[in-house]
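**Q** In case you want the letters, here they are:
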Amino acid sequence: MSKGPRKHHALSTRIWHWVNAISLIILFMSGLNISNAHRRLYWGNDGFAAADAWLEVPRFPGWMTIPDYYSLAAARDWHVLFSLVLGFGLLAFMVFALINGHLVRDIFARAREWRPANLWIDIKEHAKLNFEHGEGKYNVLQKISYAAVILIMLPLMIFTGMVMSPGMEAAWPWMTDLFGGRQSARSLHFITAWLLFGFFMVHIVLVLLAGPIRHIRSMITGNDPRETSDAEA
Amino acid sequence: MQRRNFLVAAGAAFVAGCSEIGDSQWFGKLVEGAQGWHRGLHRALGGGRITMAPEYDRSAISPFFRGNGNQTVDTDEYRAAEAEGFANWRLSVSGLVDNPGTLSMEDIRALPQRTQVTRHDCVEGWSATGEWTGPQLSTILEAARVQPEANFIVFRCADFFMRGGPDNRRRVDYYESCDLDDAMHPQTIIAHQLNGEPLPTRNGAPLRLRIERQLGYKHAKYLTGIEAVASLDDVNGGKGGYWEDIAGYQWYAGI
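These protein sequence lines are chains A and B, in that order.
Counting in the numbering used here, the first sequence runs from 1 upward without gaps.
Counting in the numbering used here, the second sequence runs from 1 upward without gaps.
A couple of the hints might just be wrong.
Here are a few chain A residues that face chain B, going by a calculated C-beta distance under 8 Å [what the hints assert, rightly or not]:
hint: 1; residue: Asn-20
hint: 2; residue: Trp-63
hint: 3; residue: Glu-125
hint: 4; residue: Ala-127
hint: 5; residue: Ser-165
hint: 6; residue: Pro-166
hint: 7; residue: Met-168
hint: 8; residue: Pro-173
hint: 9; residue: Met-175
hint: 10; residue: Phe-179
hint: 11; residue: Gly-180
hint: 12; residue: Glu-227
Derived by calculation from the structure, the hints in this document are not laboratory data.
Here the structure is a predicted model, which means the values were calculated and not measured.
Even for Gly, the Cβ is constructed at its ideal location relative to N, Cα and C.
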């Protein structure tokens, strides 16, 4: 092990960040292709008619989908493959982040950080485009967003996806009931996919505002982005 | 501006690259491996028991059970069979079995029956619930005595699709297949009834497969025969099913 200063981002965090980013992009875009096969969403266990649907989603154009033409079979290939990368990647990240303390130290917000006054300060600092504040590595809004993605949204995507696999459902049928039925799980899968897309966009915009070169470099090399500015970089 | 052009170009290259990779041989192998992983997980997470698709009360039955794919069989033979209430329909049992033969509808109705209310999940995303009745496939296969070399069961169907342009128009028969694990599964039945009535034409009259741990396209309709084989390579297009051959759908449809 190197005796140098502790890295800002652990190697496991950096590898997972990029593997996860690629998986999410591929799963999202192949998922939009799959959505085109049946554009109605339902609550409950079953549904196929327009009258049963709570939402009819638009047809997503080729530039938003993988592959870039309509193919349910090919899109499912990508989804089948990268669902494993996403699932086992998240599992590995969680194990590492628990062992090296990242999850508890950096991601979980302390009780005092949850106080409304502190949240309000954080919102105001963000509005002033000042992102390097708060205690620890991340400010409280950052901690809440990362925790929501890692602990709620990604597991929700994985488990609702598992419910939709009939072979998996036969192994853990209680999971279908937990989400209120297969079509409810499908609706939640779709909604959460767009929430993740929302996180993705906000994340990218904030990195651009906060200094994209040094932050991206930091997520590759692990060095502290606060030690350099983009002007120097 | 240069950076933005670079990003647009990178995005376009990514999508085009994905489509390119998707058509390559090595990607196909990778996906095949991933399907095996999913299937392995589905079995392993069942903790060693025979995993069962959920079954429901009759109250869960969908008022109308949608027919998808072929809604009928466009041949004179089928129309004639339909007109006589499928009284003379036969299901052949062939291939790597000690006792090949054919079963009449009466033979099939005389076997021990299983009735199950299950949810049908189409690969497209919709679901419908119905009550299916018929003998377990395992009963038929045990009577036929499947030979040890057999690894798969192939389901032959009366229905077909017309494929190709005007100059190479050809008939491509529907068929499906599964491994012996799914073939011998207690919920795998040769259904002749839906919701207590003979199967409607749109749902595969007079006989269809129910293979409850897989998606809808595996549930072959208009069954004419079951065949035990060692390998799927020489069966029709070689990929184990109509949609698998024609459009590259996954052979393991439990995902």
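**Q** If a hint holds in the structure, say so; if it doesn't, say that too.
**A** We went through each hint and held it up to the structure:
no. : hint    : in the structure
1   : Asn-20  : 16 Å, violated
2   : Trp-63  : 7 Å, holds
3   : Glu-125 : 27 Å, violated
4   : Ala-127 : 26 Å, violated
5   : Ser-165 : 5 Å, holds
6   : Pro-166 : 5 Å, holds
7   : Met-168 : 5 Å, holds
8   : Pro-173 : 5 Å, holds
9   : Met-175 : 10 Å, violated
10  : Phe-179 : 13 Å, violated
11  : Gly-180 : 13 Å, violated
12  : Glu-227 : 23 Å, violated
Checked against the numbered hints given earlier, the structure breaks hints 1, 3, 4, 9, 10, 11 and 12 and satisfies all the rest.
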